[in-house]
Structure formats: C-alpha cells, structure tokens
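Peer 1: This is what each chain is made of:
Protein chains: 2
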Amino acid sequence: MVNWESKLSDYARRVEPSAIFALLDMPRAPDTINLGPGEPDPALFPVGRIAQIIANELTDSGRARTALQYTVNAGLPPLRERLSALHRSRGLPSSKDNVLVTSGSQQAIDLVVSAFVQPGSRVAVQSPTYPGAMGILKAHGAAIVTLDDAFREAPREFAVIYVTPTFSNPSGETLDIAMRRRVLDLARGSGAILLEDDPYEAISFEDATPSTIQSLDAKNGIEQSQTLYTSTFSKSLTPGFRVGWLHGPSSIIRKLTLLKQSEDMQAGTLSQLVAAEAMQFVYSEHVPRLREEYRRRRDAMLGALERHFGGQAKWTRPAGGFFVWMTLPEHVDAVALLRVAALQGVTFVPGTACSHRGEYKNCLRLSYSTNPAATLEEAICRLGSAFRSFQKLTAGSR
Amino acid sequence: MVNWESKLSDYARRVEPSAIFALLDMPRAPDTINLGPGEPDPALFPVGRIAQIIANELTDSGRARTALQYTVNAGLPPLRERLSALHRSRGLPSSKDNVLVTSGSQQAIDLVVSAFVQPGSRVAVQSPTYPGAMGILKAHGAAIVTLDDAFREAPREFAVIYVTPTFSNPSGETLDIAMRRRVLDLARGSGAILLEDDPYEAISFEDATPSTIQSLDAKNGIEQSQTLYTSTFSKSLTPGFRVGWLHGPSSIIRKLTLLKQSEDMQAGTLSQLVAAEAMQFVYSEHVPRLREEYRRRRDAMLGALERHFGGQAKWTRPAGGFFVWMTLPEHVDAVALLRVAALQGVTFVPGTACSHRGEYKNCLRLSYSTNPAATLEEAICRLGSAFRSFQKLTAGSR
Numbered sequence: 001m002v003n004w005e006s007k008l009s010d011y012a013r014r015v016e017p018s019a020i021f022a023l024l025d026m027p028r029a030p031d032t033i034n035l036g037p038g039e040p041d042p043a044l045f046p047v048g049r050i051a052q053i054i055a056n057e058l059t060d061s062g063r064a065r066t067a068l069q070y071t072v073n074a075g076l077p078p079l080r081e082r083l084s085a086l087h088r089s090r091g092l093p094s095s096k097d098n099v100l101v102t103s104g105s106q107q108a109i110d111l112v113v114s115a116f117v118q119p120g121s122r123v124a125v126q127s128p129t130y131p132g133a134m135g136i137l138k139a140h141g142a143a144i145v146t147l148d149d150a151f152r153e154a155p156r157e158f159a160v161i162y163v164t165p166t167f168s169n170p171s172g173e174t175l176d177i178a179m180r181r182r183v184l185d186l187a188r189g190s191g192a193i194l195l196e197d198d199p200y201e202a203i204s205f206e207d208a209t210p211s212t213i214q215s216l217d218a219k220n221g222i223e224q225s226q227t228l229y230t231s232t233f234s235k236s237l238t239p240g241f242r243v244g245w246l247h248g249p250s251s252i253i254r255k256l257t258l259l260k261q262s263e264d265m266q267a268g269t270l271s272q273l274v275a276a277e278a279m280q281f282v283y284s285e286h287v288p289r290l291r292e293e294y295r296r297r298r299d300a301m302l303g304a305l306e307r308h309f310g311g312q313a314k315w316t317r318p319a320g321g322f323f324v325w326m327t328l329p330e331h332v333d334a335v336a337l338l339r340v341a342a343l344q345g346v347t348f349v350p351g352t353a354c355s356h357r358g359e360y361k362n363c364l365r366l367s368y369s370t371n372p373a374a375t376l377e378e379a380i381c382r383l384g385s386a387f388r389s390f391q392k393l394t395a396g397s398r
Numbered sequence: 001m002v003n004w005e006s007k008l009s010d011y012a013r014r015v016e017p018s019a020i021f022a023l024l025d026m027p028r029a030p031d032t033i034n035l036g037p038g039e040p041d042p043a044l045f046p047v048g049r050i051a052q053i054i055a056n057e058l059t060d061s062g063r064a065r066t067a068l069q070y071t072v073n074a075g076l077p078p079l080r081e082r083l084s085a086l087h088r089s090r091g092l093p094s095s096k097d098n099v100l101v102t103s104g105s106q107q108a109i110d111l112v113v114s115a116f117v118q119p120g121s122r123v124a125v126q127s128p129t130y131p132g133a134m135g136i137l138k139a140h141g142a143a144i145v146t147l148d149d150a151f152r153e154a155p156r157e158f159a160v161i162y163v164t165p166t167f168s169n170p171s172g173e174t175l176d177i178a179m180r181r182r183v184l185d186l187a188r189g190s191g192a193i194l195l196e197d198d199p200y201e202a203i204s205f206e207d208a209t210p211s212t213i214q215s216l217d218a219k220n221g222i223e224q225s226q227t228l229y230t231s232t233f234s235k236s237l238t239p240g241f242r243v244g245w246l247h248g249p250s251s252i253i254r255k256l257t258l259l260k261q262s263e264d265m266q267a268g269t270l271s272q273l274v275a276a277e278a279m280q281f282v283y284s285e286h287v288p289r290l291r292e293e294y295r296r297r298r299d300a301m302l303g304a305l306e307r308h309f310g311g312q313a314k315w316t317r318p319a320g321g322f323f324v325w326m327t328l329p330e331h332v333d334a335v336a337l338l339r340v341a342a343l344q345g346v347t348f349v350p351g352t353a354c355s356h357r358g359e360y361k362n363c364l365r366l367s368y369s370t371n372p373a374a375t376l377e378e379a380i381c382r383l384g385s386a387f388r389s390f391q392k393l394t395a396g397s398r
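Chains A and B, in that order, are what the protein sequence lines are. Going letter by letter, the first sequence gives residues 1 to 398 in our numbering. Going letter by letter, the second sequence gives residues 1 to 398 in our numbering.
The shape of chain A in the complex, shown without the other chains (with noise of 0.2 Å):
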C-alpha cells in the first residue's frame, strides 16, 4: 500500500481529533449522564410541524421538483430572502445578496478562515473558546492570540478576530456593550475581519441582549461594514438538517460563495425550505417553549451546583444558550476528574479542550441542553461526590 501519511498536505496535517472525541472510549458507568455535548434535546423538535412542511411541499408536484433538485450556491432565494428580513427586523439593512446559506454554522466559519487566514495570519479569539473553531484554525495554520493579549499588544495586526459574544460557547457568557466595542475597534484597527458567531442567540433567558457587533459595525451601512455574522438554525429549529447562514457586505458574500460552490455546490435543497417555511413559526412559537424549557434546565444545574459545590468552586451563570463554565479549584485536573467521574457516571468537556495553549486544566464545561431537570440534578450530585472523591484520592499527594 502506498505510504499515505507522507502525501499529506501540511493542512490535513495540522488537522487533528479534537480532545473531546478523545475521550469517548474512557470507561463509564452503564447509565452514565453526559453533560459534554453542546446539542439541542431532540425531544423539543417541532417534528409534528417539520413533516407537515415536508408533505405540503412534496405533495404538489412543481414545487416537489424545486425541493429536490439543485439550487443556487448562495442558497435558497426564499430562505436568503427571509433570513434578510430577520436582520432588517433587528435594525440591521440587508438584502438576500447579504446573505449566504452554509452547511451549517461550523462550515460559515470554516469558509471564512479559508478565506482570510493562512500559515501565520494572526487571529485573536476570546479564551476559554469554542474547540471547533480552534480546530478550524489550527488546521488552517493561524497564529492564536487571546483576546486580551491582542488587547494589550501594539501594534495590533490582525487577519480575523473571532468572538462568540453572546452565551458563549464555552464559558455561557456574554458581552456586554463596552466590550462588544472595544472588540470592533480593534478589528477596525487592524483591519481584521470580525467574525461574529451567534449559534445560541435564540435561546436567550432575559428580556434584551446586546446589540450584536454587525449592527454596531453596520450604522453606516451593511456594505461598509468588516464583520461577518453567522448563526445557525441548528439551535432554534433542528441540527441534522444543516443549515446556517452567514450575513455580512455583498461583495465579501460573494466571494466566500465562489468558496462554497467549489468545496461543496450548496447546502442541500429540501432542507432550505423547511428552514425557510419553519421561519413562520420558529421565532414568533417554537423559540419561546424553547426558552422556557432550557432556562429551567439552566436554574436546576445552577440549583444543584450551589447545594453540592457553594463556597468550594464558581461558575457562570449563562443569560442564555446551552453552557455553564465552572472554575474548582486550582490543583484540579478536570481530566483526571473526568476519569473519576465517568465511573461515577457523569462526563463532561475539561477546560483544556477550550484553551488553543492548554489552559483552564481545572475548569469544566458543563451542557444543560441535553437533559431534564431531574436529570440534571442527579448529575451535578454525582460530578459532587465524584469531586470529593476525587479530593481524597489526591489529597496526599498534595
């Protein structure tokens, strides 16, 4: 057999497992609960709404013939077409050539790193931040610097900033104003491309949340504006069907099209329209049930952590979307935490897999997405006892 791995591009080399999937195989107790994944409950899907969709558009035989065949690579012009107005309904001027359907949010950040970030670009990233986009620009060769060392630093020079200001995956926080422009005039600075990503935007617990970066940047004008935003319908409506979207001038829109038409044509078709017909309902209907549901999930985890770790750890208490960030205290190894607690029959994602330089060793991600309440309760009780076990095993070696 030939030797392969000598073939490879110095870009699939640098494309490695992520430290999450690393871990799959640890052992487990049998009815371990997993607070790892970033999904949404698939028990909250519209699915009644979603087949509905789906019969109505097969059922007449033109429309069926449009579900099924190939589109335009910048998306479905309905879908481009709506998507544009929910920007415009926040204040934002759009047209459907802002916009560009993706596969998905992680391939909107994916095209953009491609797109402007080769071996040695400088970009800076919010630290802890989310693995996928450290693994996307690892892969792509980018020199990582913290926010708040790019802060610091003169002169400033930057390729990309990228920041997911709003319920942060993975720390659940949020930007607040101040700091929403303090990030924009860096990337004005620098003449970094600002690339906000906001997959988690729907699922907000309180009445207002900032403006996002766009619109800060955009009080001119969409087209003069240098950030790309990206969200997902991932969250809000389902993720199998693989639809994001990337918002941001024309002529940058453009060009990353050219991008997606070449690796992969379009995002598929009959998945486009569910998401545009699902738009109807899926902010006026379906998101608030969804806000309800995940916010008290979000109160029993923060419940359960007060009863089992107050005074003994911290955590964030996210305004929004799918995480808390917790912080124990500093000799913790959450990996070797994690190996206690899988027997115990809790896992979750260590703090290093958020750190581009390995930091945040005793920090935890913890997702409140995936279960009930109960459940969520009975895990944080575990991810106690597993901690105080865990303190035994290494108190003498301290």
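All the pointers check out, no bait thrown in.
Because identical chains share one entry, a pair is satisfied inside a single copy or across any pair of copies.
Straight-line alpha carbon distances no greater than 25 Å define the calculated DMTMM-like cross-link-like pairs of lysine to aspartate or glutamate that follow:
1) 96 with 16
2) 7 with 97
3) 96 with 5
4) 361 with 148
These are calculated hints, taken from the structure and not from any lab test.
Based on these hints, arrange chain B on the given structure of chain A.
Peer 2: Positioned in the frame of chain A, the structure of chain B alone reads:
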C-alpha cells in the same frame, strides 16, 4: 470599509468564478433550450416514494429524533452499511469503515484534494476534464498535467491522479480495461492517490461497464489499495439532498473524516436517511427507468446530430451518463458560436471550460439529461442553423 480583497488567503485568491457561470448573462432568445447543465431531469425524480420515506421516518417520534439530530461525522451508520454492501455486491471487500458520506461528490473531490494537494503538487487529469474538479485543483494550487503527458513523462511523480473513467463529464467516453490498468500502473509507479470519480455509473446504457479502477486496485484487499472512489445519489436519486460518498482504505477514510468534521461536521441526517432507505429501490427499480429514458434522449441527440451535422463535425457516442462531446472544424470558436446560438435559442458549454490550458476551442459539451427527446431534436436543429449562420458570418474573415 476594510480592504478585504487585500486580506484574502492565497487559496481564496485562486478560487475564481467558473467559465460556465460567466456565460449566464449572455443575451438569448426567450425560449432558449439549455444543453449546458449536467443536471438530472426533475420530472424523473421518484417524488412519491421519497415523500413516503420521510413521512414514515417522521411519524415515529423515536425515529424522527434520530432523523433530525446530529449524527456521526463519517455518516449515518445504516447508510454506510448499505453503501459498503453495494460495493461488496460488486465484488469488492468493504465494511462501513471504508465509507465516508459526503455532502455530494463535489465535497468528496474537495476533501481528497485538500488532504493531498498543496501549491505545486503535481496532479494528472484526463483531458478534457470536469470543470468543477479543475476549479478545486486550481484553488489548491495544483500543477495540472494531462494523463497523456503523464504517460510520456519520466520520472512520473504525482500527488493525485484524478479520473472519471466511466461516462466521463464532459467527453461522455469510457476508458477501457487496458487504459484503466495503465492509469492504475501510473498511480502505483508514482505513489499517487488515485481519485476515481464515478457520479454517472448508474446511468449506463449497455449491459457491461468495465470494472472500476478501485476494484482492479483492491485485488489484495481494499486496505492495501491506493484508490479512493467517489459516487453520489445526485444522478440516481436527486441532487438536492447533497449525499455522496467516498470509498477507500479505512485509514485514509478516518483521516478524511477528521477533515469533514472540521469543515462542516456531517452531511444532512434526514438526507442520509432518505438515501439509505431509497437504496432498497433505487438500483433495482428506479435506475432501470432512468437508463431507458436517458438512453432515449441520447439516441434522439445522436440522431439529430447526424441529420444536422453529418460530415461536418465529430461527436462521441456515450455508453452512459449525460453528455455528448462534439468537435467542430478547427476554425470554429465555440464561445463565438455560443453567442450566435443563444440568440437562436440554444446554449451549451464551450470546450475551453473543460481544459486547464484553454484547449478545445472548437468543442462543445452537449447535455441530453434535462430535456425530453423532442426538445433535444429541436435544440440540435437550432444548433445546426446557428452553425450555418456562424459559418457565413466568419467566411469573410477566413
């Protein structure tokens, strides 16, 4: 606004609009018949059966949750199982670990090129070749060599050899077994990855098609082979689902799965489920109907070419697929002819779009897939009259 064009990566700079798209704005008669696109005819989609499959999946709430949720990056396990069974039924050893489900075969080509080609890598291709693959190769900076030149050369050193040996897009031709062995020998001699692109395999008009190159290569087992095979459901079922696949050694498939994960996570889940279910009737019941209808169309086009161009041009006689490749007298510029033809109500892809070095100026790719036989006859009649107008117009300048 930021000067984003100056910030583009080398990769993004190399991604250019396809020559085919540049022609879309050409003035044309209102009822123009387009022989350009390599699309299946949506009138032939098995809409009722697809609707039934989806209705079944979404009626059961457990199945619906699976259908709409994330799935594993390599693809839905039942689909990979059935695809590996398909390869086994054709005499190849295969398990689901040999299969990566992609978002169409365009992505399969892009993944393989991303993995094994970087600026300066030498890649051998048939000439003419599929414009979409050439776009990918150019984007990744490949040094493209025609197979003919590659056979003549010594030493032979290639990163990738890309071929569409069966019912080629654009030529409609099929490599015979001797030529397949020669291509395989070239790959073995140069240690190259051999990418066998086989999107049209189901659309065959004759009883026997030569064995795939992968099956010649995998005589000692798929794990020892250096061929990656890709095909798609875009022609045999529908393109809108964006489901294709790669089949090859499990070690390479694992690496390509990591690239896929980084780039867009996975192909659409419901789309994969439909493909998996549809495999129970696609090859046994649906494909025979497609073959019959597309053969009728091929015959209509070949007959009309004989009537309108007999003695004045040459063309291929495809044993399957969607395309006839036509060669006009050497002085004819197909792009100039296209301008005349569009005004007379027929369009096609000029041959230069299918060459990396501007060859085939006097050639045309004619697709018979999207129009019924009578329309094709009218189209070739118009093309004949456009050709005669063109000959008169240019007679003075010769």
